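**Student:** Keeping the supplied structure of chain A fixed, place chain B upon it in accordance with the hints.
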Amino acid sequence: MSTELKKALYNISALVDLGQAITAEDAFQEKIQSALYVITGTFLANKGAILFYDKSTGRLNTLIQKGFDRAELDRVKPQDLISLGKNEPCLIGYDPVPAVAGAEILTPLWVRDEFIGVLLLSGKLNAGSYTLEELELISVIANQIAIVLNNHTLFTDLSDKLEENRRLYEEMRHIYHGTLQAFAAAIDAKDAYTQNHSHRVAKYSAAIARELGWNEHDIEGIYVAGYLHDVGKLAISNDLLNKATPFTPAEYEEIRKHSTLSHNITSKIKFPWKNVHDMVWHHHERLDGRGYPEALAEDSLSDGVRILTLADSFDAMTSQRPYRKRMDVQSAISELKKCLQSQFDNKIMLVFCRVLEKEITGELPEPDILPHLDSDSDLSIISSMLEAIIQELSAP
Amino acid sequence: MKSVPFSVASRLEGDAAVIYPKGYLNNLSGESLVIECGNYISQGITKIVVNFSETDLINSIGISLLLQIMEDLKNIKGTICCTNMSKFLRDTFEMLGLIQHMRVFPVESDALKYLSAGKV
Numbered sequence: 001m002s003t004e005l006k007k008a009l010y011n012i013s014a015l016v017d018l019g020q021a022i023t024a025e026d027a028f029q030e031k032i033q034s035a036l037y038v039i040t041g042t043f044l045a046n047k048g049a050i051l052f053y054d055k056s057t058g059r060l061n062t063l064i065q066k067g068f069d070r071a072e073l074d075r076v077k078p079q080d081l082i083s084l085g086k087n088e089p090c091l092i093g094y095d096p097v098p099a100v101a102g103a104e105i106l107t108p109l110w111v112r113d114e115f116i117g118v119l120l121l122s123g124k125l126n127a128g129s130y131t132l133e134e135l136e137l138i139s140v141i142a143n144q145i146a147i148v149l150n151n152h153t154l155f156t157d158l159s160d161k162l163e164e165n166r167r168l169y170e171e172m173r174h175i176y177h178g179t180l181q182a183f184a185a186a187i188d189a190k191d192a193y194t195q196n197h198s199h200r201v202a203k204y205s206a207a208i209a210r211e212l213g214w215n216e217h218d219i220e221g222i223y224v225a226g227y228l229h230d231v232g233k234l235a236i237s238n239d240l241l242n243k244a245t246p247f248t249p250a251e252y253e254e255i256r257k258h259s260t261l262s263h264n265i266t267s268k269i270k271f272p273w274k275n276v277h278d279m280v281w282h283h284h285e286r287l288d289g290r291g292y293p294e295a296l297a298e299d300s301l302s303d304g305v306r307i308l309t310l311a312d313s314f315d316a317m318t319s320q321r322p323y324r325k326r327m328d329v330q331s332a333i334s335e336l337k338k339c340l341q342s343q344f345d346n347k348i349m350l351v352f353c354r355v356l357e358k359e360i361t362g363e364l365p366e367p368d369i370l371p372h373l374d375s376d377s378d379l380s381i382i383s384s385m386l387e388a389i390i391q392e393l394s395a396p
Numbered sequence: 397m398k399s400v401p402f403s404v405a406s407r408l409e410g411d412a413a414v415i416y417p418k419g420y421l422n423n424l425s426g427e428s429l430v431i432e433c434g435n436y437i438s439q440g441i442t443k444i445v446v447n448f449s450e451t452d453l454i455n456s457i458g459i460s461l462l463l464q465i466m467e468d469l470k471n472i473k474g475t476i477c478c479t480n481m482s483k484f485l486r487d488t489f490e491m492l493g494l495i496q497h498m499r500v501f502p503v504e505s506d507a508l509k510y511l512s513a514g515k516v
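Going line by line, the protein sequences match chains A and B. According to this note's numbering, the residues represented by the first sequence are 1 to 396, in order. According to this note's numbering, the residues represented by the second sequence are 397 to 516, in order.
With the rest of the complex left out, here is chain A (with noise of 0.2 angstroms):
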């Protein structure tokens, strides 16, 4: 075989060595180091520079150099390159190609109409000059390299995009906990009697969403629903929500009206989670039809409602009334417990004394009930509760 058919061999090669260097798994700076180990390699230029055009700087980066002086290299100015041909290698020496860095030979990089950076060698090991046919090889590695290097830009700015998408996002997402909080907080200053009430029933019922397996989207849906659920108390008189005795039918049928109105109220906000409008109209509702305000049963509520009604009735039997004392966590349980199957829901029942379990046993080491509990509880004794209630649901 002849040395120029040995040579076109080697250079094909080069090709398949460049494009393997190019397309690999690797991370971009090793993509572009093996890339320049190519061209270095095929040339047998102990001196290679890949620059790298930065328009927001307008200045030429070096991304990968062997054998230069970089303080040189960043004095490499891009205008002198662009109105040279593209991707087409230039003899130093020649007009009008400017002197670059002590480089032999330079080829600017293009990609259509947007220059992208410049390759640059030098040291050629024989000392010979290029022949054609290498002048032809370095005009199609370039473009190859061209195309990387746009398409490294493109993922980097697609990339930034995203990531201030992302921040953006949060930030709202920040904004919009924020609001709900605001929110909560203006229903539950409203009703001495139950501050945080709605901070507690977000918290109870996402506890109870996590430890059922909902992932965390539907978790954050079912906190909102949580801290909303009775922003249509805003709508009813103070006097009446802090009176010191009993309602009368008339009163209790206008306190009634509170649902309903947190609907109408939250159905103009089109929330990214699902169900959070049907959680907070029905939380009254129950399993045997007799709750309000649609008194719906059974197969029409949702898991979402019957956590929330759940979390809604504990928080409201553990917590201080007007008209009476707040009732101790044993005494709300057994009072859930009785009302399972009229009014709570079983599976969800099983979840909530699994999840207050875990909380007392510190299996959960950010516990979400626990904390808002009677300090003088006795644990050992709800637990034990606990334990019987989950064996009997348990029970095929």
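These are computed hints drawn from the structure, not numbers from a lab.
Restraint ranges, calculated between C-beta atoms of paired labels, are given here:
1) A:23 x B:439: 34 to 42 angstroms
2) B:505 x A:74: 43 to 51 angstroms
3) B:407 x A:54: 44 to 52 angstroms
All of these numbers come straight from a predicted model, not from anything done at the bench. In this text, a Cβ means the ideal position worked out from N, Cα and C, and glycines have one as well.
**Tutor:** Only chain B this time, still in chain A's reference frame:
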């Protein structure tokens, strides 16, 4: 065919370092060859024997790395000897003109004999 991951071993023989690359010299892992030689050069070693008995194939990346070693040795007026080369390696080096910038011996002992005779 699965290629053997590239690795480098070495030993000092008198005032010469003998380097044993193993595997296909075709990607960034071959930089370990440059590093290994660089370590000896930084200790003042100017004679390096590269025994290619376990490296049959090389591509443009490997050639570039070898050029780097040759350049580093040239800067200190050192000598590089290549031994135990496969036909493919020898043909490639000849075709590229690398042979003129190195000493080539059939086996490692010949190279060490040449270097110890003080002919460089």
